[in-house]
Structures are given as C-alpha cells and as structure tokens.
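Fit chain B to the supplied structure of chain A, relying on the hints for placement.
So the sequences go chain by chain: A and B.
The end of the first sequence is residue 358 by the UniProt record's numbering, with every number in the run present.
The end of the second sequence is residue 255 by the UniProt record's numbering, with every number in the run present.
Derived by calculation from the structure, the hints in this document are not laboratory data.
Check each hint, because a few of them may be wrong.
From the structure, some residues in chain B lie toward chain A, with a derived Cβ separation under 10 Å [stated by the list, open to error]:
hint: 1; residue: Thr117
hint: 2; residue: Ser142
hint: 3; residue: Asp165
hint: 4; residue: Leu193
Predicted, not measured: the structure shown is a model, and the values here were computed from it.
Every residue, glycine too, gets a C-beta built ideally from N, C-alpha and C.
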Amino acid sequence: MTVGPEAGVLALSGRLDTQAAAVLWPKLMAEAAGGPVVLDLAGLTALDTTGATLLLTAEAAGHGNALRGAPPQVTDVLDRVRAALAAPRPKPEQRLPLLARIGRTSLNAGRGVLDGIGFIGELALVALGTLLRPWRLRGGEVLRHLDEAGTRAFPLTLLLGFLLGVILAFQSVIPLRRFGAEIFVPNLVGISLLRELGPLMAGVILAGRTGSAYAAELGTMSVNEEVAALRIMGVDPMALLVLPRVLAGILVMPVLSLVLTLAGLAGMALIMGLFGFPLTTVTQQLSQWLELSDMLGGLFKACFFGLAIAAIGCRAGLGAGRGPRAVGDAATAAVVGGIVSIILLDGLFAVLYEKIGV
Amino acid sequence: MSETTVSAEAVIRCEGIAAGFGSNILFRDVTFDVKRGEVFVILGGSGCGKSTLLKLMIGLVPPLAGRVTILDTDVWATEGKARLELLKRIGVMWQQGALFGSLTLLENVEMPLAEHTSLSAAARAEVARAKLGLVGLSEAASRLPSEVSGGMLKRAGVARALALDPPILFLDEPSAGLDPITSAGLDAMIRDLSRTLGTTFVVVTHELASILAIGDRCIMLDKEAKGVIAEGDPRRLREESTQPTVRAFFRREAA
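For reference, chain A alone in the conformation it holds in the complex (with noise of 0.2 Å):
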C-alpha cells in the first residue's frame, strides 16, 4: 500500500485492506480534514470494507474531497459500503431533565419496596396454606436443600470457628494479662460466640455459600422461562420453589451457627491450654458465667438471618433480569442483600432483648 505525491491528489495503490486501512488511517484522515483533496484509487489492486469505510469516511471529512479513478475489482465494495454508511445513524438516547429523573429513580425504588413487601406477603400466604395443608409441602427438596446448606456447609464452618475462636482468644488474652485476668478470656470469647458473632458469621456463610446459589439457581430457571412454566402450569414457584429453600434456611442457621459456636469455644480452648489454663478451668469459668438464655437468644435471632437470607436469595433469583449478566447481578443482589438484612435484623434483635432482658 503506497501513498503518490501530487498536490491536491493522493494517489492510492496496492492492497487496501483491515491492516493497511489501520496504519493509513491517521495520516489519511489528517490530510482528509485539511483541505480539498482527491483521492486517487486507480492504483489500487484489492479493497475490504474497512478499507472503504476508510475512503469513504476521509471524502466526507472536508468539504471538496473526492473520489476518483476507482478500478472495477473495487467499485463494488466501495458501493456496498457507501450504502451501508448511508443508513441512518441510531437516535442518541433522549436524557431526562435531572427532576425526572429524580422522579423516576424514586418511582422505581418506591416500586422495588413494594414489590419486596408482595413478595414476603406471597410467601405468609404460601406459608399459611402449607401450615393447613402439611403434606402438599415437597419433603424430599427440604431435604436435599436442609443437605446443600447444612451438612455441606460443615467443614468450612468449623473451620472459620475454630480459627475465631483462636484469634479472639489470641487477641483479647494479651492485654487481659497485664492486669492477671486472662481467667475472663472465656467469659469474653464466650459471650460474643454465643450472642453476636455465632449467628453473624453463620450468616455471612449463609449468605455467601447459599444465598448466592438461590438467586443463581432461580435466575437462570426464569431466564430460561422456566419459571413462567411453572406458573402456566398451574403450579406455584412460591409453593415449589421459594417455600422448601426457605424452610430450609430457617433450619440450617441455627445448627450452624451452634457448630461455629462450639468450634471457636474448641479454638479458645486451645490458646488458653497454650497460656497453661486447663481444660477444667475453661469450662468451669463457662458453665459459671454464661447461661443458657445466651445461647437460645443466639440460636432464636439465627433462625430469622436464615429466614431473611433464604427469602432475599430466592427474590434477586426470580427478579432476574435477562442475559447472563442478570444472573450475576442477581447473586450479587442476594449476598449483599442477605448480609445487610443480617446486620439490620441482629441491631433489632439487640433492642429487643435488651427490652425483655434476656
């Protein structure tokens, strides 16, 4: 591809194709936009259509540009090109003025919220009519989901436990010891464990492993209309769908959240061993501070993180725009949502206690 010296013209020869019309580019369309000039393709031996939407781009960039001499092999892609660039440019989106738009964002969130409290009003109802009519409830999904939340979940609970309870233990029994108090370690380890950070870190688990699969899970059935199936089916994705993965988080949180506990007791356990208190100590200093009403209020509050997290997993699933990006959104809708709720729900549940002082 070679460019010919004469003023005002610039004669073109050789192959113009993807490659050539790249590096020609800048020069061409530099020279295009200063003054008249004619292009001179006589020369030329091959033509591609990014090779002609460069000519054609360079003849309509100044006023008194043109084209000229074009060789048979070429007229026709030149042609088809020239038509194809012809063709009406899409109309820019029309932007709102910033009141409407105000409008519209609060619109769409007022929506959202309502669309939020049908949802759990749906699920009361389905609830209700599952509570009257036990056995239309599908067992076997409770069970396979009760599976993948719970008993799958085990390893990687007891795992971050353990290590919770060890770095709080860790952390609190250092300066504890400068006062000689490391004997309150339990007491503190134990009362975070069993009030706030078993539930808290059982949800954020919750949330993270399964709440994500729900929207997932349900994102991809109504992308692939499978949820509209269902409803034309005469069956109700509530009843089939959001009920058993529901229950099933209601159930698993507390074990769940009971295993953590356990487990970073087992963790502090162990560094309070390391700083020469034994076992005995440990569980002496347990059984004498903590009460059983500590565990339950954990265990009770951990129920309705299952709840919150399970419900708000299944509604990004089957609120799921299209495209696979929906489904991704809709995961991300579902852990972020279920950790806020967790949150929300646990400063709630702080408020409430401390009313009826448990």
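Using the frame of chain A, we list chain B on its own:
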C-alpha cells in the same frame, strides 16, 4: 445465481475426515473442496453431524481421522501465531448469535477490531458502523443483544464475523428459528455479501428454501450412511437425484 463465476481454486479442503463421540461414529471418509467465492452448503437431517462437521472445520472439535486445510494451512497441525493468523482469516456466525450480552451491537463488532488491529477508537466505531450497515442494522447499533429480535441477532452475528473482513465466513444454521420472511431476508443478505465482497460462505442448514436460494454447491450428510450421500448444485440434485434419501429430502417426504 449459480452463474457466479467461480474460479477453481479451493480455499478449504477436507480429506477423508471422520468424526464421532466414543464408539458412536457420526460420519467417516468425508472428502470435499470449497472453492473461492462460492456459497457452499452442508445439509442433512437432524443428528447427521452437520454442526460437528462445521466445528471440526474451524478447529473446535478434533477429527477422528483425516485432514482439514483452510487457505493452505492445516487446521489441526498449526499452533501459536500461525493458528492466530488463520483464525483472523475466518469468521463464524454461531447458531444463537453468541453475542456478548453486556455489550451493544456496535461494541460487539468493535471487539475483534480492538483485539487485532491498531485502529483508533473513533476509527473502530466508524468501521463497526459500516459492518452493521452491511447487514442492515445501522439503527440498532446502540442496542444490547437482549433488546433485539432473533433475526437481528443473526445479522449482528454476521456483522461481528465480518469485522476483520475474513475471506471465509462460516454460518451455523442461519435460518433456524426464524420466520420465512426474516429467513428470506437473511438469504438475500448472504447472496448480496457473497456477490459484492467476494466472501466464501460455508453454510450449515436444513432449510430447503434457504438451500435452494443461496447454495452454489452442497454436500448432503446422512445419519444412516454415516457419510456424504450427494454432492453438487442443489437445484440439479432436486431435479435429477435418484438416491431415495436425497429425493425425500428435496421433496419433503417422510423417508
């Protein structure tokens, strides 16, 4: 249509290829040439291995035996840079379009240009706009794949396959799932691109109307025979073939 001047040069050569999964042989000893500038159709009933043959030609599914040569390069014996050079010289339109869902149609077409050329962003946008214009989608350029119809998806798939102006385009089932009018529009577009750009097309399809409208030459695969049962101009095959399966196919009879 069939009067298109076709030079005798073969751009694709398949020699004695066989394919299958495990002990299930789909076809064996398939040999044919695709010549420069023609629209070559691979046809046959469901399950005869048409799509597998296409995937084997573009280097996705390995053949059990035989050799595929595209533009004098052995598809299954090249690696690294030589293979990349070969891939830049073929374009594929996938059966479902396979457009990237998070990008607009224009960005989909720009992607190969961004990867393989030194064009600036503004130049890329202009080139991509021209390719979308070639397939009649100028006005939908800023839409996402999920916002356009099935026929438009296939056109956009062709535009993306055309991004680097490859001399050979492979189309997998262009008319599958389309209504007859949209399908005919797509056929007209294929003929038009073949005539004006001189691109060689390899089209896998079982749509009779489409085969007769676009095909310069075809081969027909058959599940029972596990191989090619007919080769030639589809219009002549319809009139003259005596092979019972070929006759049944072209006359839409139950075999």
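Results of checking the hints against the structure:
1. Residue-level restraint check for Thr117 (chain B) holds (minimum Cβ-Cβ distance to chain A is 4 Å; threshold 10 Å).
2. For Ser142 (chain B), the interface hint holds, since its Cβ comes within 10 Å of a Cβ in chain A; the closest pair sits about 5 Å apart.
3. At its closest, the beta carbon of Asp165 (chain B) sits 4 Å from a beta carbon of chain A; the interface hint therefore holds under the 10 Å criterion.
4. This hint holds: Leu193 (chain B) has a C-beta 8 Å from the nearest C-beta of chain A, less than the 10 Å allowed.
In this structure, every one of the numbered hints holds.
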